[in-house]
Structure formats: C-alpha cells, structure tokens
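S.K.: The sequence shown: position 259 = 259 (full-length UniProt numbering), numbered continuously.
Certain hints may be false.
[Unchecked claim] Keeping only pairs whose Cα atoms sit at most 25 Å apart, straight-line, the calculated DSS-like set for lysine-lysine is:
#: 1; residue 1: 21; residue 2: 90
#: 2; residue 1: 13; residue 2: 120
#: 3; residue 1: 378; residue 2: 390
#: 4; residue 1: 307; residue 2: 378
Since the hints were derived computationally from the structure, they do not count as laboratory data.
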Amino acid sequence: MAEIKAMEHPTLKVPYEILNKRFRIAQKTLDRELSQIQNVASELEKGLSEGTASSEISRLLGGVVERLQVLKRKAEESISEELSAGYVCKRRLEHLKQNFSPPLDAATMELQAAATSQWKKIRLDRMIVEHFLRLGYYDTAERLADRSGIRDLTNIDIFQVTREVERDLVNRRTAKCIAWCNDNKSKLKKINSTIEFQLRVQEFVELIREDHRMLAVRHAQKYFPAFEHEQLKEIRQYMALLAFQVNTEVEPYRKLFDPQRWNDLVLHFRLENYRLFQLPSQSVLSVAVQAGISALKTPQCYSYTSKNMNCPVCQENVNEIAENLPFSHCAQSRLICRITGKPLNEHNLPMMLPNGQIFGQQAIEQMRRENDIIVCPKTNESFRAPKIEKVFVM
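Could you build all of it, start to finish, from the sequences and the hints given here?
M.R.: Structure below.
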C-alpha cells in the first residue's frame, strides 16, 4: 500500500488538477455569460418601464434569447468537459482499486492471482508509456497506449501539449509557450514560476540580436514592469544588454546572446510543466528500476572475485548504472552458496577451500572428483578433500 501511495500519486493528481482547472474555467465562463444576460435583461426592463416602441422591445427580447442560447451552449460544453475529466478520475481509481480486492475464499484466489498479474502488466505498460513521453518518443508511447487500451490511464494529452510547445521553442518561437503561460497563469503564479519572465527576456534578446534596439526598448516597457517586484535586479542587468554587440565576450552578456538559451528554455518549460501537475522530475519507471537495483546492490557486486553471474547488478551495464545508488539495506544477512544458490545453514554447512573460496557443503560434494580431488570453479585450483575446513559464522 505504501509503495502504491508513493508511486501512484501522479496517477490521480493529474486528472484531479485537470478537473479542477476545467471547473474553474467553466465557472468564470458562466459567470461572464450570466453578467451579460443580466445587462440585456436590465435594458429590457428599462424599455418596458419607459414605454419603448414594440420594435425596440422585440430587439431587446431577441438579445436576451440569444444570450440565453449562448449560455446554454457553453454550459453544455463545460459540463461535457467536466464529465470527461471526471470519467478519467473514476477510471484510474477503479484501476488502482483492482489491486486491493482481497479474495473472498480459496476458490477465487487463483482468479485473483491472474487478475493481479494482468494488473501488474497494465501498470508496467503505463510506466513505459510515461517514460517514453518524457524522452520525447510520443508516437511510440501513443501506439503502446492504444494497443494496451490504457490511454485513459496515461497523461498523453498533457505531454502532447508539451510536445507542441517544446517544438515551438526549439524553432526559436515563443508564441505557444506564452499561450500556455496565459492558460495556466494562476497556478504558475502560485508556484512562483519564472518561465513567462524568461520568455519575455528571450524575446528582448532576439530583438537586440536582430538590431531592433528601439523595438527591444518598447518590448521591455510593455512587459517587464509586470515582473519588477520580484525580478528588478535581473531586469536592470538585462537592460544593460542594449549597450553590447551580439559578439561580445563580456560576461554575463555573452551567455545571454548564446543560442543555447533556447535549449535551456525547453528544459525550464519541461520542469515547470512537471511542477504544475506535481509530477516528479524522474519517471516512475526510472524510480522503480533504481529502487530495484539498489535493493540488489551489495559491495560484492564491485569485487572482481565475488561477482555473481546470476546477479543483475553484477552485469556490466547495470553495474555502471548502479554505481551512484546506495547499497541494499539488510538488517539480517543470509549467506547463499554461489554454486547451488541454496542458503548456507546447518543443512548446508559453509566450507572453505585452502585458497579462501567458500562454498556450501552440497556444492563441495558436486565438485568432488576421483581420489577426493576438488577443483575450485573460480580459480581452477585442485585440492584434496581433507584440506577443506568448516566455516563458523558468529
């Protein structure tokens, strides 16, 4: 349960945030339409009380009907969008609940095991889809989601918006990202985001790059005042950019003209999008893989003489990935024979060869050859059985 709560938080948080956003948009839209209806209704009442001509009354009445029709249409659209978002929340809740349905009796345990296996497969597909989306493999992610029938369980729609905005930024355009900022202005303000300010700064830099310095000044006068309260120091520094040429070597102005800033904006937008929907900076698949590797990692994985061919962390590629991960936490050690894979205990005593290699008693018997000769599988050295000693672990 704790693992599900930790790793599945975004699964429910994202659709909830979308539902909340659509509700707030609908509320503002309907309030605006109701205000307009009240205005035209007031004009109609005023006309009736003042004895206005019937033709004018008819026109005013038509205006009221028209506004009511607009209100009805927008209300239906808003309700449809909210129901769609609510359905996604319900679908994901039902998916997570499937893993917490205890079998009623022994007869249903087998069916429950099959259902749990299917649930885990779907969950893995969800993790892979999200990982692909974060890496930019949008088409592959969509095909996997559609093939597995899990589109409602993934955040593809959010990443599709991200895809369009990032593509726009890569092409050195800010229009779509600015529109995204306006669409999420209240939430971005709540998380103290600076993405919109950085976009306006980049527009300012591009105007100077094209030698449109007066346009750059007007651009700064139009947009920078909104950020003076928190970004005044940075604004002063950016305004000094007007005094420098594009090929300047003076820092930090050289970096401001560096085209690499567009790539930095892409990364900045991506991280702000994660923060907006409370998504972790790493994919759930990446976190799960790292946790699994860490659970298997031991100091022996980095000892040439102690590596185990059956241990995933001992494999070269995984070994490199695990290098900066913590070792597994083991409150009580268990000794396992490297040959048989069986525990070393009173039924399989640990035995040490003269070269210091330790194996289980059962493995020693398997290695025993004619004349009581035992060949070490690690070093290929040969020893006589009487030279083998028992090992006692305190």
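S.K.: Check each numbered hint from earlier against the structure, then list the numbers of those it violates in ascending order.
M.R.: Of the numbered hints, all hold.
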